[in-house]
Amino acid sequence: MTALTKPGPESGPLLEIEDLVVEFAGDEETVRAVDGAGYTVAPGETLGVVGESGSGKSVTAMSALGLIRPPGRVVSGRVVFDGSDLRAMRPRELRRLRGGRIAMIFQDPMTALNPVVTVGAQIREALRLHQPGLSRAAARERAAELLALVGVPGAERRLRQYPHEFSGGMRQRAMIAMAIANDPDLLIADEPTTALDVTVQAQVLDLLRLTRRETGAATVLITHDLGVVAELADRVVVMYAGRVVEHGTVAAIFDAPRHPYTRGLLDSLPSLDGDAGELTPIPGSPPLPGEVAQGCAFAPRCPMARDRCLVERPELTQSGPGRASACHFHDEMAEEESDDRA
Amino acid sequence: MTELDAARPDRAQPEEVLGVTGLTKHFPVRSGPLRLQTGSVHAVDGVDFSLPTGRTLGLVGESGCGKTTTGRMVVRLLQPTAGRIVVAGRDVTGVRGAELRALRRDLQLVFQDPYASLSPRMTVHDIIAEPLRVQGRYDDGGPERVAGLLDMVRLAPAHARRYAHEFSGGQRQRIGIARALALGPKVLVLDEPVSALDVSIQAQVVNTLRELQRELGVAYLFISHDLSVVRHVSHEIAVMYLGTIVERGTRDEIFRSPAHPYTQALLSAVPRTRPGAREGRERIMLTGDVPSPIDPPSGCRFRTRCWKARDICATETPALTDRDGVGHPAACHFAEPADVLATA
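Chains as they are written, first to last, in the numbering used here: chain A, 1 to 342; chain B, 343 to 686.
Hints should not be assumed to be uniformly reliable.
[To be verified] Which bits of chain A does chain B cover? Going by a derived footprint, with three or more residues having C-beta under 8 Å, they are:
#1 17–26
#2 181–188
[Unchecked claim] To give an idea of the chain B side of the interface with chain A (calculated C-beta under 10 Å), a few residues:
#3 Ala424
#4 Val428
#5 Arg432
#6 Val434
#7 Thr435
#8 Val437
#9 Gln513
#10 Ala545
#11 His567
#12 Val572
#13 Tyr604
#14 Ile636
Keep in mind the hints are simulated off the structure, nothing from the lab.
From a predicted model like this one, the values you see are computed outputs, not experimental measurements.
Don't be surprised by glycine CBs; every beta carbon is placed ideally from N, CA and C.
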């Protein structure tokens, strides 16, 4: 379990985001959406990035890939993919990387698929853009293979259809087929199942497991749904107010959280079994971007907050083997765990 | 937890405040240059349920199952194609004008989207006071009533002078609930009331709804796709699929011994976070998509995706009745309770 978290220097992380700061310029003020966030993704691993709306979980990944448009702007930080500095790359080089070695899956396939081009033509285009040597016939054959692989029945016929002729679940499958068309090393999946019904979500999660086996691609799974992360991810990064507040393996984070926000989030979830009574919410609401003054952004809602939390911003520090927490008092949470066990 | 467990059999069932029988809605499908009707969408097809005073019925299902259409017919935003709606003993299926206005006092709707359902031009005070004004009841202690409602939904009195856009999603949903409660309704129809909210906020609103029910004795028809949220608010649950109720029972019956294959698949598909529940269980994986409601399958509507389906399922529509060894109504020829949430 712990070996997953810190890749050795020989292997090295596939993606490394460090101290990323992203701002959005508004009419009156500039809002900092990401405030020094970072994480690493090892080759082949699935990293879940969770957080509520406004936590910066999507903006972090999108701006790391150069997909942020004005008024958004990456102010500072380092993004390294397989040894190359993405922030130093020209837009052309970045475009070649995206859709090739780095692929993306979005929440709403209708925004990612072109409504006036057949699904087959879109998959073929994705293939030939990144593999110029591929013949027309080979591209057609590969497109049918891909669609069959992602579980779209009648692939040959489906290739000639337009996205609107697909159901929501089938469109998500088609987008996944496009994403894995060029055998990527890294897949960024932003809320890939959020728009789907739960029985269809189960199918798509299963498909993501299958594609991971087939391609061996590392995956960054961005979602607000803790259940989806628990099912699919190896490691978890928890974000709050533009920063990473905790990270570690799924077992570490879900079974023994060592940041009060993570614990609060897990406690507030309604459940399918056990106590069906009152829920345990986190009091208050998350700060609006730009609202955080000094100190810990979670302090106003935190049951453990003390004077120090209001003045000193906690940095991520090791809170156990292969895990870190940005809480001044994560030792106390670890002690509680051992007390509970005793 | 105890107030929900008041469903003990030794207690007399409270009086029915909302009853629905044979509720049906078919939307015409028109096509061709003359816009002739060529078919109809069977959005809701013969739904029956009964909601007792002060209790919650959870109506769950996936998109297109007809749960929202059912809710809209109950509050008379949509006219049913067939069926009967009875509120507090009175048939309200066809009421209009003054009678419909009177019905609005007893029955109110809370929308899913707290951003779209509140006017940006009105202060919170005016939003909540609007139903009182429409019913001519504002002059009689209106301001005090609004202050009381704000307090009820845990908003500060000072919030009354502000505009809806100044509030977060959770606070806006509280404003929507206060407005719905203004006339002291007997029933609230809540359509996905917490689905747009983040989990930490969702839990706050769920708790407030529970408290309000305890204080006011208002009944809820709670419409949601989220099974775990429904479990925390409902006394009874009805599961819908393609326009019909496929299973109905108490909270524990539905979650601990679901008997319809669709309910079992639905519960089994929910991703779990709790250690032990995450791994080590057989998942029921449904194949394919929900068929079109324009031409629903013959017999049992779920049979095209069901692993238990046999010939009889195509020819004979299974009734929603309590079969031997089940203990609650399930519309399946082969209904059999199974604890799908149990972990090995």
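How the hints compare with the structure:
Here the region 17–26 of chain A counts 0 residues with a CB under 8 Å from a CB of chain B, which misses the bar of 3, and the coverage is violated. A count of 0 residues in the region 181–188 of chain A with a Cβ less than 8 Å from any Cβ of chain B is obtained; the coverage claim is therefore unmet, three being the minimum. A distance limit of 10 Å between C-beta atoms decides the matter here; for alanine 424 of chain B the minimum to chain A is near 27 Å, and the interface restraint is violated. With a cut of 10 Å, the hint placing valine 428 of chain B at the interface with chain A is violated, because the nearest CB-to-CB distance is about 29 Å.
A least Cβ separation of about 33 Å between arginine 432 of chain B and chain A goes past the 10 Å threshold, and the interface hint is therefore violated. Violation of the interface hint for valine 434 of chain B is found here, the shortest Cβ-Cβ separation to chain A being roughly 32 Å, above the 10 Å cut-off. At its closest, the beta carbon of threonine 435 of chain B sits 31 Å from a beta carbon of chain A; the interface hint therefore is violated under the 10 Å criterion. Taking 10 Å as the C-beta contact cut-off toward chain A, the hint placing valine 437 of chain B at the interface is violated, the least distance being around 35 Å.
The beta carbon of glutamine 513 of chain B is positioned within 10 Å of a beta carbon in chain A (closest approach about 8 Å), and the interface hint is therefore held. At its closest, the beta carbon of alanine 545 of chain B sits 4 Å from a beta carbon of chain A; the interface hint therefore holds under the 10 Å criterion. Given the 10 Å rule on beta carbons, the hint for histidine 567 of chain B holds: about 7 Å separates it from the nearest Cβ of chain A. For valine 572 of chain B, the interface hint holds, since its Cβ comes within 10 Å of a Cβ in chain A; the closest pair sits about 8 Å apart.
Hint status for tyrosine 604 of chain B relative to chain A: holds, with the closest Cβ pair at about 9 Å, below 10 Å. The criterion of a C-beta within 10 Å of any C-beta in chain A is not met by isoleucine 636 of chain B, whose closest approach is roughly 14 Å, and the hint is violated.
Taken one by one, the earlier hints fail for this structure at numbers 1, 2, 3, 4, 5, 6, 7, 8 and 14, listed in ascending order.
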